[in-house]
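So you can see what is in the structure, the chains are spelled out below.
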Amino acid sequence: MIKVEHLTKQFSLSKAQKKETNTNDEFAFAVKDISFDCKPGEIFSLLGPNGAGKTTTLRMLSTVITPSSGTIEMGGINAITHPSEARRKIGFLTGSTGLYARLNAHELIDYFASLYDVPSKLLNERKKYLFDLLDMNEFAHKRIGKLSTGMKQKVSICRTMIHDPEIVIFDEPTSGLDVITAESIIQLIRDCKEQNKTVIFSSHIMGEVDLLCDKMAIIHKGEMKYQGTMKDFRNNMTEKNLTAEFIKTVQA
Amino acid sequence: MIFNIFKKELKETLRDKRTLIMMLVIPILIFPLILNVVVGVSSSFEDSVENKTFKIGILGETNDYFAQKLNNIPNSLGPKSLIAYHGDSVKMRKDLKEEKLDLIFIYDSRFSEQINEMKATKLICSFDKTNMGYEQRAQKYVQIIEAEERMRRYEALNIDEQKITPFEIVFENSASSQKMIGELIGGFLPYIFIAFGFMGCMYPAIDLFTGEKERGTIETLLTTPVSRWKFLVGKMLVIILSGLMASFFALLGLFLSINLMDIIPDPEIMNVVNQILSIGFVLKLFLLLLPLTVFFAGIMIPIAVYTKTFKEAQSIIAPLNIIVLLPAMVGLFPGIELNLQTAMIPILNIVLTTKGLIGGTIDYSLLILSFSVMVVLAGIAVSVSFKQFGKETNILS
Chain V
1 MIKVEHLTKQ
11 FSLSKAQKKE
21 TNTNDEFAFA
31 VKDISFDCKP
41 GEIFSLLGPN
51 GAGKTTTLRM
61 LSTVITPSSG
71 TIEMGGINAI
81 THPSEARRKI
91 GFLTGSTGLY
101 ARLNAHELID
111 YFASLYDVPS
121 KLLNERKKYL
131 FDLLDMNEFA
141 HKRIGKLSTG
151 MKQKVSICRT
161 MIHDPEIVIF
171 DEPTSGLDVI
181 TAESIIQLIR
191 DCKEQNKTVI
201 FSSHIMGEVD
211 LLCDKMAIIH
221 KGEMKYQGTM
231 KDFRNNMTEK
241 NLTAEFIKTV
251 QA
Chain E
1001 MIFNIFKKEL
1011 KETLRDKRTL
1021 IMMLVIPILI
1031 FPLILNVVVG
1041 VSSSFEDSVE
1051 NKTFKIGILG
1061 ETNDYFAQKL
1071 NNIPNSLGPK
1081 SLIAYHGDSV
1091 KMRKDLKEEK
1101 LDLIFIYDSR
1111 FSEQINEMKA
1121 TKLICSFDKT
1131 NMGYEQRAQK
1141 YVQIIEAEER
1151 MRRYEALNID
1161 EQKITPFEIV
1171 FENSASSQKM
1181 IGELIGGFLP
1191 YIFIAFGFMG
1201 CMYPAIDLFT
1211 GEKERGTIET
1221 LLTTPVSRWK
1231 FLVGKMLVII
1241 LSGLMASFFA
1251 LLGLFLSINL
1261 MDIIPDPEIM
1271 NVVNQILSIG
1281 FVLKLFLLLL
1291 PLTVFFAGIM
1301 IPIAVYTKTF
1311 KEAQSIIAPL
1321 NIIVLLPAMV
1331 GLFPGIELNL
1341 QTAMIPILNI
1351 VLTTKGLIGG
1361 TIDYSLLILS
1371 FSVMVVLAGI
1381 AVSVSFKQFG
1391 KETNILS
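Protein chains in written order, with this note's numbering: chain V, 1 to 252; chain E, 1001 to 1397.
Possibly wrong hints are sitting among the right ones.
[Stated by the list, open to error] Have a look at the derived ranges for each label pair, beta carbon to beta carbon:
| no. | chain 1 | residue 1 | chain 2 | residue 2 | range |
| --- | --- | --- | --- | --- | --- |
| 1 | V | T23 | E | L1029 | 53 to 59 Å |
| 2 | E | G1216 | V | E183 | 18 to 24 Å |
| 3 | E | L1320 | V | K128 | 44 to 50 Å |
| 4 | E | L1320 | V | K19 | 27 to 33 Å |
| 5 | E | M1001 | V | E5 | 30 to 36 Å |
| 6 | E | G1390 | V | E5 | 22 to 28 Å |
The hints are simulated quantities; they were obtained by calculation from the structure and are not laboratory data. Beta carbons are placed, not taken as given, at the ideal position from N, Cα and C, and that holds for glycine.
Work out the full structure: start from the sequences and follow the hints.
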């Protein structure tokens, strides 16, 4: 379960940034007063154009950055006051996630498992399950730097899921990937839902959101423009297609 | 947990060619290479000077008194050929300038007569002083001829040489061989270890911090339940180890070159050098280098954390090398000693302390002061690193 209330992130502006944005304000809001929730077995999507504040929101949820105000509850834990405990419940994957090129898949997965304190017996079981599921055994001993993009993405997925997180956060997970590799991510998101995990993902592609999510929020310039179920969004749309409706919502 | 982080970072670092070259290959090869070149160049230089046929210009004739004396000097000092200039000093000096001659002797036309009359007569010996070994050869020629003439005069005047020699002066060196070696190379050695310690830290520092940002791995790392300070410590330990290993391999290279290349022919000096390079010395040296290396890591990490690309980090950290080595260079100057003031100057204090350790002249209270200064600075540098690594704006690009 993810519960976010009045989440705000503001950054102080440097002189150069003030000049660049033609403002005299001391601060800029990356995210302003956002609230939503997502239950186990649900897929929640954050939809917005580039620079809308999606990544900042997900970074706050994953405790990489601290909100300026508001609350975040991850699996019943206050993620702001107890970030380490909240992180144990989170798996985080972005489209731009890098991997350690000089390690092989086994070494990388073992390392991340150790960071999550996964007991060795459980690690072996999880590794076998995920390596078989993702068809990784053939290249598991190859240095990651020598793997193809698709293989690397499989390693990334395995790294995200090795500690069996109850909440999975995907930040534009298919961005820059080819169709086949993107499909493996789509499948992973579906599997997470089936496994009753709480899933939140960001995207700027309406089709992808329509394909996967139960609930969605559209954000633009850090502010929430729409929140509801995908079904309601589709039922209430006045434009001819989802993308046009999304653009209309953003520009409203 | 810190050990797990350390282990993984070390594994990755040891698989990085750039780091391996800076940490292992260059340090271990530097001394054999330098010493090989120095020994090779100096021995070939000595050979060439010894075997060189000196073209000596004389102002008079080849059969005059001075020329005969010069000719009588055996060629064991090196072969020579005399060229008479028949009184033309201008042409002779011009030929010397144009390097057609190596050495010229100018003397009065009445030189032989004045010698015979037992008068003091002027003898000008001219050569290009920038040519190594020329001065020694010229001095030997003059000394032999002068000594011969002096003996002839003693005999002619029936003087016992012993009676007009009031002292037989013997200058003794009270400094031990160890102190002499300490004074000669004591400043140079720590300079090398400091330079390599710095270089050894540089690539891992950039790779483990800026590299994480550049490769996009930092974000996933920070979503794990491990505290940031543990990542910082784990990574910092690898950087420190890398710096110390670079210094160690430089020392190993020095030890191997001394023992395998036979560059110290004197067994007594060799013995002293081996005594200096004892396990005790190495332990003390590395104890001193430890806070220095932590300090290096501590000043590199905030830069590596702040910068966004490997190139950017390298362009800031590499010039820092010069700033770091400046105080180390001061330690190379003669007369600069470890005292209460110099013990407070970071890096210079380590150079001077090491110099004292090598020479066996160390004041242990100053050693403790130098060590403490470096520990405090290292602590400050680490806390700055921690602060920078904790900043959101620094760790996310």
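Hint check:
no.	hint	result
1	V:T23 x E:L1029: 53 to 59 Å	holds (57 Å)
2	E:G1216 x V:E183: 18 to 24 Å	holds (22 Å)
3	E:L1320 x V:K128: 44 to 50 Å	holds (48 Å)
4	E:L1320 x V:K19: 27 to 33 Å	holds (31 Å)
5	E:M1001 x V:E5: 30 to 36 Å	holds (32 Å)
6	E:G1390 x V:E5: 22 to 28 Å	holds (26 Å)
Of the hints listed earlier, there is not a single one the structure fails to meet.
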